[in-house]
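Both chains are given apart, each in its own frame, so use the hints to dock them into the complex.
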Amino acid sequence: MGNLGQPGNGDSPAVSVHGLRKRYGDVEALSGLDLTVAPGTVHGLLGPNGAGKSTVVRILSTLTRATAGRATVAGHDVAARPDAVREAIGLAGQHAAVDEKLTGRENLRIFGRLARLGRRGARHRADDLLERFELTEAADRLVGTYSGGMRRRIDLIASLLRAPAVLFLDEPTTGLDPRSRLDIWAIVRELVAEGTTVLLTTQYLDEADQLASAVAVVDRGRVIAEGSPAELKARIGSHVDVEVGGEADLAGAVAVLERLTGGRPAVEDLRIVTGVPGRAPSVPRLVRELDAAGVAVQDVGVRRPSLDDVFLTLTGRTTGTGGADGGATGMRRHDRAKEGATA
Amino acid sequence: MIVLADGLTLVERKLLHLRHQPGTLVAMLVMPAVMVVLFGFVFGSAIKVPGGGNYREYLMPGLFVMTGVFALSSAMVDVATDQGRGVTDRLRSMPTARAAVPVGQTGADTVTGLFGLLILMASGLAFGWRAHHGLGHALGAIGVLLLFRYTMSWVGTYLGLIMPSAQTADALAPLTLPLSMLSNAFVPTDGMPGWLRVVCEGNPLSAAVAACRSLFGNPGAAAAGGSWPLTHPLAATLLWSAFLLAVFVPLSVRRFTRAGL
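So the sequence lines, in the order shown, correspond to chains X and B. Each residue of the first sequence is one higher than the one before, counting from 12 in my numbering. Each residue of the second sequence is one higher than the one before, counting from 27 in my numbering.
Just so you know, the hints here were simulated from the structure itself, not pulled from any lab data. These numbers come from a predicted model, not from an experiment. Using N, Cα and C, we set each Cβ at its ideal position, and we do this for glycine too. Do not rely on the hints blindly, as some may be mistaken.
[Said to hold, decoys possible] Here are the in silico distance ranges between beta carbons for each label pair:
| # | chain 1 | residue 1 | chain 2 | residue 2 | range |
| --- | --- | --- | --- | --- | --- |
| 1 | X | 151 | B | 29 | 24 to 32 Å |
| 2 | X | 130 | B | 283 | 22 to 30 Å |
| 3 | B | 161 | X | 130 | 47 to 55 Å |
| 4 | B | 204 | X | 325 | 55 to 63 Å |
| 5 | X | 79 | B | 283 | 18 to 26 Å |
| 6 | B | 53 | X | 159 | 26 to 34 Å |
| 7 | B | 203 | X | 204 | 54 to 62 Å |
| 8 | X | 151 | B | 53 | 20 to 28 Å |
One chain only, chain B, in its complex shape (with noise of 0.2 Å):
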């Protein structure tokens, strides 16, 4: 209960920043339709997809995943940010349950995560995207993508946590950017050097991207023979993330719990 009320208290907090920040607001809506244009007509127009299909149709649940991982770059700057400031060492001298301050904040991130990827879906459906599989698999994809993000959310937090400072973590955020092109996120995987192929197809993230492509219906599915997380997506996706959070999640709150320096 105590958790789930500081969860709202943080949720409440993000909300704030973005009212008194009109112009992230105005990002976060116009960002996604953006990257649906920019990436889906631009190198739409020269990528050719496996199996045929429309290039946008195969872009989006990778434009889906990537929004997941920017939740890591975030996290990462808004903790060492508090960090730095000392916002969370008053939180720590406070009675607040410490396990509740990271999982009131990644669980918060969450939801804002949530809004964001609705917008986005609305951006894809306006330009030609479709959940082919009904209501309840686009719904298991909307959960495997929450899940996703809230296991990235836990992993920035950590990171945020060991930072030296908020420097720092601004210097490194935007390396998720790369991490994320290193995957079958934009491009098929198929017409990679074999040891590029190895890397972009045992990041997590190609595991979520082709599970959101089967559970929506949308084509780059793997042949069979291709590498197991690939074929069997959801299951990797699973997999990666309770092993990231089985990690992530003791460390972050033992970090946070345990007295630092």
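Same shape as in the complex, but just chain X (with noise of 0.2 Å):
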């Protein structure tokens, strides 16, 4: 109960990973994964659904031991001090792990009685907590009349009970709609802004590029990339779209475009998409060069790269989250009007 949401002592990582390693029976789930996550952050562990970041989680919040391979959180070795790490951790998982034969208000105060918070002071910080997250209304209803979003607040905030210094989040937006998100994604803010350290796993690009100060790329149980969403994005380079007004000026738009950025333009009916390795092009440098070669255009956009593109070029594979969840697609903003206004 010592440090109240505050990040810990000094410069020492929140939690520190070095060769982790997991197997269940034949299956390699973690071969030898590190990281280090700096106090009072959000660290991002981005993957596609099985790459390892939930044994992640499990392994750090104790409830399951490492095969090989050493990890502290808080300070604490999670193997010799476990009941150290629970003191320093809050877990929300992929479930919405409550009660729902009970109300929001009784979930919070029976788990805060279970993690000793004393009858008393359970009573008083779950009032507080729903009155901060602003579940009052709904507190004294049972948790099976809640929406999917509710649900997973009431999750959120009972993984708060004890002001954890590290809070693990696996997946916490994983099935909501983005009104929903948009409210976890606030919580997650306003703690970190606290001092708390949050480890998000996510297979949403968008959401690690939303809230993290720092993203590790997982993928077979190990981390492939890691840095800032900025420097992860660098990597990439950009794209360059352009849509002509007929067949005529395809050939003219190429050319121009090959001198322009050094990259490869791909045809597709009357759109052409280019690869830029490093920075584009501005848009008011495009249409005045295609202008002055005599090309009609009906559009012309520069595509920043997404995280999306980041995880295709590591590993040569999509993430598979596809366009359906409305996650990774939301990636994939055209800054059409913004890189015009700011050129």
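Rendered as structure tokens:
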């Protein structure tokens, strides 16, 4: 109970993982994973289903033991001092891990008592949290009647009962509607502003982009790339998207694009997509040069790379989240107006 | 102390469930009377109690023990549901003494079980069942029943922990009914074919039922020369409970404590 949501001592990492391995029978879920999470930050673990993200969280939250390797959370070794780790962490998983047959308030009180807050302490803490996260109105309804978003919120709140120094969020918004995702994101930002360290697993690329200051891309049980979202995206470069007025304009446009970007334009009907290794030319410049070459332009845009592109480039595979979830596609911003305005 | 405090918290959780589902509470109050009438009068009209006596007097210890067996299925379903929903993982990631959770849950079930037992006894009294050997023996019988229920609750906890899903647990739960039928709870074993009689008299339930009959002074005591569990029902029940607890308490606690998958 020492540090209430505080980053902990100095600059020592909130989470530190070295060579973590985990085998389930013949399957190697983790094959030598390394990770360092700075205190007071959101660190994203990004990867497709089955990459090993949840296994990392299960080991760090003392639910399962690593086959090999070493991990510390809030300065405590997870294998040697699991009790000390449990004092310092909160866990909100993929489920809404609450009792559906109780009200939200009762859930928090019961869990608060089991978390050693005492009967009175649990009651006060439950009321405070409900008020703070604006669940007071629904607090006395059965959780079974809650919407999916509210369930996740009460689950997240239940993980905050002991004001954890390190919070593990295992795919906190999987399956949620856009509005509820924003609610969860707002809570996470608020907690981090207060000094909580968050390790967030997600298969939604925009979620990592929105919340995390550092991202570790996980694939097949190891970290294959690490850095800030901007750094990861800088590895990929960007795309120039041009749509011409007619077939007669294609050749001229391709010539201009080759000259300006140094890339190899790909033609699809009247659209030309060009991958640019470094920084793309600005939209006004593209328009000017195409105009000067006598090309009738329908549309010009510069697309910044998404983390989806990052994943594709790093692994040669897509994340498999497709467009169905609305998350991955949300990353594909076509920054036409923005590019034009800032140029 | 910690275990006791968690136990009380979990008892409260169970009571809150009842408060939110008044239907369950009504069923809990009405079902015993229904069972006594159903089994007592329907079966009772056709079954001859060995050595004579009122069938409803013979039946009640059987019903007492049967509700204890239901603790097995309810613990199994509760534990599997918590596990499926991630509640178990939440508890295991908290600074709660890990052993305290199964200990608290089984303890909580025993407390609520006592209430159920008292309601069932009241129904029995209303339909002519009596404890003939005085308060001391009656309290002894209640003790035996609670021990039996507590044992079943641990068996159910372990089964719940190894269930792949809550749905599986739900599907398997009704199997406790035939399990309690394979005993001397409702009918005497004397008339059964030899192999079935061995199975039924070896069922730990039968020993518990026989122990209750003898402590309450209800009819149906096994004749001399019967099988050992039925002629020494109290010792057999205590041995069964000690054996099952010695197996399932460590198994459950270990399963709960040691990180699963």
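So, against the hints stated earlier in the document, which numbers end up violated here? Failing hint: just 3.
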